[in-house]
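Student: Listed below are the residues making up each chain.
There are 2 protein chains.
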Amino acid sequence: MSDKTTNISELGEFGLIDHLTKNFELKNATSLVGVGDDAAVISISEEDALLISTDMLIEGIHFNLMYMPLKHLGYKAVATNVSDICAMNGVAEQITVSLAVSSRFPLEALEELYEGIHIACEKFNVDLVGGDTTSSVSGLTINISVVGRAKKKDIAYRNGAKEFDLLVVTGDLGAAYIGLQVLEREKNVFNANPNIQPDLDGHDYIIERQLKPEARVDIIGYLKELDVVPTSMIDISDGLASEILHLCKASKVGCHIYDEKIPIDSKTSLTAIEFNLDPSTCALNGGEDYELLFTIAQADFDKVKGNPHMTFIGHMTNEKDGTYFIDKNGSAIGLKAQGWNHFQG
Amino acid sequence: MSDKTTNISELGEFGLIDHLTKNFELKNATSLVGVGDDAAVISISEEDALLISTDMLIEGIHFNLMYMPLKHLGYKAVATNVSDICAMNGVAEQITVSLAVSSRFPLEALEELYEGIHIACEKFNVDLVGGDTTSSVSGLTINISVVGRAKKKDIAYRNGAKEFDLLVVTGDLGAAYIGLQVLEREKNVFNANPNIQPDLDGHDYIIERQLKPEARVDIIGYLKELDVVPTSMIDISDGLASEILHLCKASKVGCHIYDEKIPIDSKTSLTAIEFNLDPSTCALNGGEDYELLFTIAQADFDKVKGNPHMTFIGHMTNEKDGTYFIDKNGSAIGLKAQGWNHFQG
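First to last, the sequence lines map onto chains A and B.
Residue numbering for the first sequence follows numbering that gives the first Met the number 0, beginning at 0 and increasing consecutively.
Residue numbering for the second sequence follows numbering that gives the first Met the number 0, beginning at 0 and increasing consecutively.
Since the hints were made in silico from the structure, they are not lab data.
Values in this document were obtained by computation on a predicted structure and should not be read as measured data.
Be aware that a few hints might be false.
For identical chains, the list gives no copy identity; a pair is met inside one copy or between any two copies.
DSS-like, lysine-lysine: derived pairs with alpha carbons at most 27 Å apart [as the list claims (entries may be wrong)]:
1) Lys161 - Lys251
2) Lys223 - Lys26
3) Lys152 - Lys302
4) Lys151 - Lys186
5) Lys21 - Lys122
6) Lys186 - Lys150
7) Lys21 - Lys211
8) Lys3 - Lys266
9) Lys251 - Lys21
10) Lys327 - Lys223
11) Lys122 - Lys26
12) Lys319 - Lys335
13) Lys211 - Lys26
14) Lys26 - Lys151
15) Lys266 - Lys151
16) Lys186 - Lys266
17) Lys152 - Lys26
18) Lys150 - Lys223
19) Lys26 - Lys150
Excised from the complex, chain A in its bound form (with noise of 0.2 Å):
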């Protein structure tokens, strides 16, 4: 080691991935894609590939036990990965689970875990085929690992948008984020007072959103439906104003997305400005909706237009365009990522 050191907060998360994999090249045949792109994909035969994916939670950093039951930690941690694979157009079909608890935590708190993991199986249609389990020094670290299934012409990668193509996403945004807002209001209440009851009233949508959200894989369908193969796709995982960039900088585009557009349920909009929060700047910035944000060819409008799970919230431009977000004023506003970064703050 050089005497030089470097803080890796210095990086940000997808800064660090670059640089730290920059050296490695794939050079087996059987390797398509590799590190860059919601998962990896790996040729099985001429026409069909296998998706890959991975991610790590570490209690502290990415939950709270106090306010996020580990059943519903379990499910998470599978719809999450099951989202990335829906993010390339394809079907997960296999997980493995990689599991670090220290002692404190008894074989009836894992059961737990393993009864949200279980019931995310069912309901997204993967099985767990193996893992690892050990002690940890302190907390719980479950790593998922998830493989899918996709014919590669169907296979939506980041960087096949093209200018003029219609930006496009399910669901609705924002409410993930507000959940965890009341979330974290009552934990505060509680812990000022351990006597008053959580006032989660009326909350039950947002606060879903956040502790159990869906992985859209019920999308991966109708598109199949409706034979449009998306020419970009991303999961939301950091906030829509962040994988909108990851977009039109793997496909090397610009765009224009409405804020006006954007679908925000009325229950996270009431409970947004309760916060004094802009309810756009939820959407954009909040991040853990896992919906899917997608675009297509111009000429697959009409097989989208007016389906109940998709949105229309813009269009790409020319790179040298820009990337830009148009305010309910019309004013044309420089789109940037606040979405989250672990290695900071």
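Following the hints, complete the assembly by docking chain B onto the known chain A.
Tutor: This is chain B only, laid out in the frame that chain A set:
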């Protein structure tokens, strides 16, 4: 959660995995084999399968950065995963790496870790295709998942050994364990007086076996050349005794293994004696050798006989005849696993 709580150490690592996954069924037709072997088996065509395995390493549990340089840790993490694919008689092709690090690790430390990963990828001809990098509350956690490939007819499972099959081990055993004893001793000397330089002279082989174990990908090639498919196979991560018992239990057979036939390098024996340890005990219970243990049908004896990388150490018997270690005096001693259990002591 019920009121009753059970300490997870009561089940041990394997009992815990069995318990937590007992309600999981394989539902996808492509999931051929799930939890319980060195790797899961996923069908990709009539003749071919992918093999998937995953392994989590925790600082303070599986490695100590005081004497395990990060470059070696990276190498070893890849090698042990590739070894799991070898243990199925398959060829590893891709890995994903998930990493959690606390901010005390500068970028240069992670560069060292990835240099070790890179060297191992080159050595074992595997491609790094994905990963996840995040911060941790404390210490370093690394999870590697590996993807391998095999013809279905060539896959060696743990449960295929038959009575009268011959038990074969590759390389030599016990060195990694004795190497660890030397490193522990020098660590204690250093802690007592940091001015004393570690005395590792003459221990290169056993220390390298601990710090830089090799996956026996060469053996998979030799078996192919010899046209031998093992009737059962496992890699030696937890010690010879523990692994033999895994094969016997999965295959529903007994065994006789012979002390005098266990391959132990002279440097291992000499250092064991220096530590007042019985070399055979180190081989039986030490672990981390990452050699391969397999059974072959008697009909294949002539093909394997005389191969410098493979040693016959015993044979399988009828299940009801039990599992025995025959010592140098010819006495039969019941074989016991004293391999590592990270949930105890």
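Student: Hint by hint, note whether the structure agrees.
Tutor: Here is what the structure says about each hint:
1. Lys161 - Lys251: within (8 Å within a copy, 60 Å between copies)
2. Lys223 - Lys26: Answer is between: at 22 Å across copies they meet the 27 Å cutoff, but 32 Å inside does not.
3. Lys152 - Lys302: Within one copy, since 19 Å is at most 27 Å while 46 Å is not.
4. Lys151 - Lys186: Neither way: Lys151 and Lys186 sit 46 Å apart in one copy and 53 Å across, limit 27 Å.
5. Lys21 - Lys122: between (37 Å within a copy, 18 Å between copies)
6. Lys186 - Lys150: neither (46 Å within a copy, 54 Å between copies)
7. Lys21 - Lys211: Answer is between: at 24 Å across copies they meet the 27 Å cutoff, but 35 Å inside does not.
8. Lys3 - Lys266: Answer is neither: 51 Å inside a copy and 39 Å across each miss the 27 Å cutoff.
9. Lys251 - Lys21: Result: close within a single copy only, 20 Å intra versus 48 Å inter.
10. Lys327 - Lys223: neither (34 Å within a copy, 68 Å between copies)
11. Lys122 - Lys26: between (36 Å within a copy, 12 Å between copies)
12. Lys319 - Lys335: Within. Shortest intra-copy distance 16 Å satisfies the 27 Å Cα cut-off; inter-copy 69 Å does not.
13. Lys211 - Lys26: between (39 Å within a copy, 23 Å between copies)
14. Lys26 - Lys151: Close inside one copy (19 Å) and across copies (24 Å); limit 27 Å.
15. Lys266 - Lys151: The answer is neither: 40 Å in one copy and 53 Å across copies each exceed 27 Å.
16. Lys186 - Lys266: within (21 Å within a copy, 59 Å between copies)
17. Lys152 - Lys26: both (22 Å within a copy, 26 Å between copies)
18. Lys150 - Lys223: within (11 Å within a copy, 32 Å between copies)
19. Lys26 - Lys150: both (22 Å within a copy, 21 Å between copies)
When each numbered hint is compared with the structure, violations occur for hints 4, 6, 8, 10, 15.
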